[in-house]
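Asks: Sequence:
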Amino acid sequence: MSRVKDLPWPSLMPDDEWAEVLEGIPAKDEPFINKYLDGREALIAQEKKQRSDHTFRQSLSPLAKEACSIVDRIRDEERRTVWTSEFEDILAQKTGANVYPGMMFSLAKKRMEATKLWQIVRKMPKGALLHAHMDAMVDFDYLFAVLLETEGMHIHCMYPLHTPAALDGAPIKFKFLTAERGSGRSIWSPEYVPDTPVLLTKAADSFPDGGRAGFLSWLKGRCTITSIESIEHHHGVDAVWRKFSSVFTILNTIIFYEPIFRRFMRRMMQQLHADGVKWVDLRLAFTFFYYAEGKEQPEASYERMFKVFGEEIEKFKAHEEGKDFWGARMIWTGIRALDTRKIVEDMDACISIKLAFPDLISGYDLVGQEDGGRPLKDLLPELFWFKKQCAEEGIDIPFFFHAGECLGDGNATDQNLFDAVLLGTRRIGHGFSLYKHPLLIDMVKDKKILVESCPISNEVLRLCASVMSHPLPALLARGVSCSLCNDDPAILGQDTAGMTHDFWQALQGWDSLGLAGLGSLAENSVRWAAFEDQSSSVWVHDIKEATLGSGVRAKRMKEWSVGWEQFCLWIVTEFGDDGESIKKLRRETSLDAQD
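In the numbering used here, each residue carries its 1-based index in the sequence shown increased by 481.
Keep in mind the hints are simulated off the structure, nothing from the lab.
Just so it is clear, CB atoms sit at the ideal spot from N, CA and C, and this is done for glycine as well.
You can trust all of the hints, since none of them are fake.
Below are the DSS-like pairs computed for lysine-lysine, each with C-alpha atoms no more than 27 Å apart in a straight line:
no.: 1; residue 1: LYS926; residue 2: LYS529
no.: 2; residue 1: LYS604; residue 2: LYS798
no.: 3; residue 1: LYS604; residue 2: LYS804
no.: 4; residue 1: LYS1036; residue 2: LYS928
no.: 5; residue 1: LYS776; residue 2: LYS654
no.: 6; residue 1: LYS656; residue 2: LYS788
no.: 7; residue 1: LYS1036; residue 2: LYS604
Each pair of labels, with its calculated beta carbon distance range:
no.: 8; residue 1: LYS798; residue 2: GLN1047; range: 17 to 27 Å
no.: 9; residue 1: TRP499; residue 2: GLU594; range: 43 to 53 Å
no.: 10; residue 1: ASP820; residue 2: LYS798; range: 34 to 44 Å
no.: 11; residue 1: LYS798; residue 2: LEU524; range: 46 to 56 Å
Can you make the complete structure from the sequences, with help from the hints?
Replies: Structure follows, in structure tokens:
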């Protein structure tokens, strides 16, 4: 709220002199001012034609246009009534935060989930999730409950967990054992023998700060970027990445025991489907052992894991709750920080699984903090070896590279974008620094490369302070095709596999987007999803053809369009002004028919 009126403001000229000056100030409706405003509007309209969502906006039906108008009104209303300092809650006051639309995600989450706009975005058909790390997809409240319910699970660690430092950072692990083991000494005691398994239920119940409930709270804290950690941007990117990376070493000892893995898969697909997501291109780094049910020794390869992966997808699709779920595939991800031998062995394993399960492997990527790993330029020998081996085996595993997930400008990490494009990546994961490269932007557009944007992830991992300073609007304005993704929702605080939080943040944070912009991003996700194996030329042709094609992609884009129109009808029916929206639609439809 402005305080200007409360300030003393001495007049600088006498009233008679001001009256004379006032007569010389043009009126707002002067012809030359109207001419200026017309030119201004024309300039804005000309720039909008360059946006990547321009074509989508131009093709909106009258129903969709009315739905977009309604959502704009609701957004503006909630900005006045929900996201103002007058409505600050105790949490905001304690953290010293001002309440505003597009504020830091961890501070806004609870408030956003209570808004009318949340109800709308939650119901939106979001199409496909193109950038998601599988082991960070399922909410921890569910996963850890399953962990405790699973018979034979033990906890162990290289150190006794009896000090605050050990509780905060010691590398804990979980493992199935056929019978209870251990020396009987508590893992929370200094007498604990390092790396001795302790039955998990006993360890949880004896947790020194609150028993089982305290244990679950502690474990969730170890596996989540907490709200405090997410806003402490002054600690920098490397610090939060250390916490982030440590989480996966814990999760990998939980998820990949087969009984837990099957339940994990079902939960993930249930949450995605409930959130309007019909397809997911998952990423997974194979740095874990997979254990069959009742087995203490790990599988020698990942073949059984992929067998179960495929079984659970088909089982969910055959069930009533997943009958219109399209499915999932896996982008195999190596670790960019590893040495040549380990990367090549991992690539070889990828090729073996592709040969055994051709429908389940959709591509290859390299993951891990870009600043802390080897740049793509350094990995060229391994990548060319991989392509040669694929050709010899008669298979094609395209690249879907992470690139530009950094703050650098011209350093080796930032230049991963050049290599990703030159190596033929079909999509770019994050592409946060792409907006700094005008030539690359033109190449990305020309080669029909999509940017998988993850706004909340980029904020929590300290690339930007909030969605308001995210570069995605700059890419959209330059005509770059993008989609919204959630990256690692369980770790980053979304607490669900769905994408509503990222969609909501984008809608509330960026004035230029609106519901139509969200619709375009969702449609893009279907257009660029890796539904099936395709050569590079067929892939690009299919993307250009869109709904005019005859394959799987065109079919699913048409299905999404039907869902979009149904969604717009629901908005108009549910949130329109006492039937006025319906009357307006009927008038517009009648006029269109006359034309």
